[in-house]
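Going line by line, the protein sequences match chains G and U.
Quick note: the working numbering has the first sequence finishing at residue 361, numbered continuously throughout.
Quick note: the working numbering has the second sequence finishing at residue 311, numbered continuously throughout.
Be aware that one or more of the hints could be misleading.
With a straight-line cut-off of 16 Å between C-alpha atoms, the simulated EDC-like cross-links for lysine to aspartate or glutamate are [unchecked claim]: (1) G/K165 <-> G/D129; (2) G/K165 <-> G/D351; (3) G/K94 <-> G/D129; (4) G/K234 <-> U/E170; (5) G/K234 <-> U/D2; (6) G/K287 <-> G/D309.
Which residues of chain U face chain G? A few of them, derived with a C-beta cut under 8 Å, are [to be verified]: (7) M1; (8) F3; (9) G112; (10) P116; (11) G119; (12) F204; (13) T209; (14) E214; (15) M216; (16) M249; (17) L253; (18) N254.
Calculated directly from the structure, the hints in this document are not laboratory data.
Glycine is no exception: its CB is placed at the ideal position from the N, C-alpha and C atoms.
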Amino acid sequence: MANLNRRNFIAAAGAAAAAVPLVGGAAFAQEKIKIGFIFLGPIGDYGWTWAHNKGREAVDAALGDKVETIYVENVAEDASAIPLIRDLAQQGCKLIFTTSYGYMDQTIAVAAEFPDVKFEHCTGFKRADNVATYNSKFHEGRAVLGTISGKMSKSGTLGYLGSYKVPEVVLGVNSFLLAAQKQNPDAKLKLVFIDSWFDPPKEAAATETLINLGCDIVTTHTDSPAALQILEQKGLYGFGQGADMSSFAPNAHLTAIEDIWGPYYIERVQAIIDGTWASADTWDGMKEGTVVISPYNKAVPADVVALADGVQAGYKDGTYDIFTGPIYDQDGNLKVEEGKVMTMAELAVIDWFVKGVESAA
Amino acid sequence: MDFLIAAIITIVGISTPILLAGLGELVVEKSGVLNLGVEGMMLVGAIAGFAATVLTGNPWLGVIGAAVAGALAASLFGFLVLTLNSNQVATGLALTIFGTGLSSLIGLSFVGRIVPQFGSVFPPELARDPILKVIFGYSPVVYFALVMVFVVGWFLKSTRAGLILRAVGENDLSAHSIGYSVIGVRYAAVAFGGAMAGIGGAYFSMVITPMWAERMTAGRGWIALALVVFAGWRSGRLLVGAIFFGVLMWMELNAKAGGLAFLSFAQYIPSQFWAAMPYLMTVVVLTLISMRDRVGLNAPACLGKPFVPAT
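Given these sequences and hints, build the entire structure.
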């Protein structure tokens with residue numbers, strides 16, 4: 001733990017001395033295998049990157065005597081990521097996790113230059129012999145949040161604070177609303193994309209906008225607790241994203257979707273140590289423990305807790321899937337027939353919203 | 001009516017920090033210095049204000065801490081560009097990088113902390129009234145920003161000190177030759193700009209979202225810089241510009257959520273258009289101003305140039 005603090009300190013001190021983005025870690029042990037991480041936001045965002053960094057820390061805790069983890073945070077999802085990924089490979093990393101959808105092509109490009117280095121790209125779909133992909137079924141968690149919202153919303157109008165229109169977010173929107181409509185068939189959803197994963201002032205303004213448009217529960221698919229703080233001020237409800245954010249909004253925070261990456265990271269790093277690593281596409285969820293629901297707020301009534309627990313249990317034993325037909329799109333066209341269940345391949349590229357989603361974008 | 005009141009409150013929230021930082025930068029630029037480090041100073045102010053509030057339990061001391069920290073960061077910039085004559089553009093960019101890193105470093109021990117909030121400046125009944133809150137329901141920082149619009153305008157236009165500051169910005173050699181301390185005036189202006197940017201940053205970490213997160217200003221410092229140009233270096237227009245920028249973001253968010261249905265044309269405009277508008281408008285205004293003669297442009301003549309008195 002002392003080691004970790006020291007590493008964080010070095011990372012930030014390096015930035016203070018004018019290096020940006022922050023480059024964490026320093027090589028001080030030759031025999032350890034290096035594992036690299038490319039992070040989208042700051043590790044202190046309390047959300048997406050925070051959760052990935054927890055996964056990295058889990059690797060340190062479990063395999064710290066055999067491996068050394070290094071990371072770069074605040075890496076933009078554009079061409080500027082390429083030299084940073086390449087730099088990790090040149091520093092001798094044997095396995096590099098690139099932890100956001102927007103690094104997909106950059107990861108493939110660098111992987112072609114370093115056939116001996118293994119890469120793992122989070123939430124992408126392009127693979128190679130030395131590039132694996134992994135994802136988490138966040139939408140299973142969204143179905144739990146939607147179930148709670150459908151029961152607890154008085155207005156029946158739900159708000160959704162989105163980042164970008166990428167399949168992960170579209171899945172989240174659809175899963176959330178479909179689950180809410182199971183509890184309240186008239187439930188509808190207002191959707192705002194803020195075109196950023198992390199912009200607390202804009203997240204706050206967008207949340208106010210959704211509230212002004214009649215939403216009494218707003219769920220977020222961006223990475224800071226800003227929305228929850230606004231909801232707390234207004235006496236309304238919302239959910240944490242990526243991590244338990246209840247300390248920021250003890251009354252508004254009904255529960256949260258927590259991303260638990262540690263077990264997957266440990267497994268993959270172990271495979272590098274054992275020499276058994278192979279490219280694969282892993283999409284775990286609630287069953288595997290990648291998606292976890294935080295403790296419920298006491299404001300959630302017992303009958304709603306029972307419903308939410310039922311959804312969780314259903315996902316764990318495979319008896320529940322929110323993407324079971326009939327499902328209609330925004331314009332009322334039947335997209336999934338009665339009784340049919342959407343396949344993971346279909347979900348991975350979904351680009352349409354279900355009936356009841358109100359959005360201009 | 002409720003919709004309108006809620007809209008005004010949201011817009012004020014978006015506009016206040018860029019107004020504060022913009023007013024500071026306006027004074028800096030009027031003195032002939034270009035400080036591109038606004039984003040960095042805002043971040044330093046955001047963490048300093050947050051930290052001071054956590055440590056003292058008093059948000060007023062927090063705001064003072066933010067102003068002092070912003071002024072200190074600016075003074076470092078001042079030392080480099082005024083005393084050592086380093087390049088203002090490069091040094092300003094370095095200040096942003098430095099401020100980002102420094103705020104992350106200081107912020108490490110403040111992650112996840114909660115700060116006490118400002119009470120209402122007016123009687124709580126007024127601040128909570130569904131209609132009157134549109135006038136009385138804001139954080140004290142908002143009223144401070146509005147007062148400063150008039151103070152800065154009055155200072156630059158009607159005071160002897162403001163006249164000297166403008167003279168230094170327009171013709172530093174002449175001001176120097178009649179006995180004014182060009183460097184001293186510019187130091188004061190730069191420190192004031194830093195203090196205002198610091199308070200603007202603290203508005204994020206203490207009022208809008210009372211928490212510390214790295215890079216939480218998310219580029220607002222750059223908008224503040226654009227705002228100064230947009231305003232043609234006039235404080236009144238800066239206020240109008242800040243509100244205009246706020247309205248545009250409000251339009252963007254509402255257009256996306258389908259809340260502009262009452263504007264029949266709005267549904268045909270992609271929401272990204274509203275997001276791009278502040279920058280488009282800055283370009284348009286710049287073009288319009290520069291079509292007029294140099295006097296109309298109103299930019300201080302010595303802006304960005306180092307002061308090297310003839311020996």
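Status of the hints after comparison with the structure:
no.	hint	result
1	G/K165 <-> G/D129	violated (29 Å)
2	G/K165 <-> G/D351	holds (8 Å)
3	G/K94 <-> G/D129	holds (14 Å)
4	G/K234 <-> U/E170	violated (49 Å)
5	G/K234 <-> U/D2	holds (14 Å)
6	G/K287 <-> G/D309	holds (13 Å)
7	M1	violated (12 Å)
8	F3	holds (6 Å)
9	G112	holds (6 Å)
10	P116	violated (14 Å)
11	G119	violated (14 Å)
12	F204	holds (6 Å)
13	T209	holds (4 Å)
14	E214	holds (3 Å)
15	M216	holds (5 Å)
16	M249	holds (6 Å)
17	L253	holds (4 Å)
18	N254	holds (6 Å)
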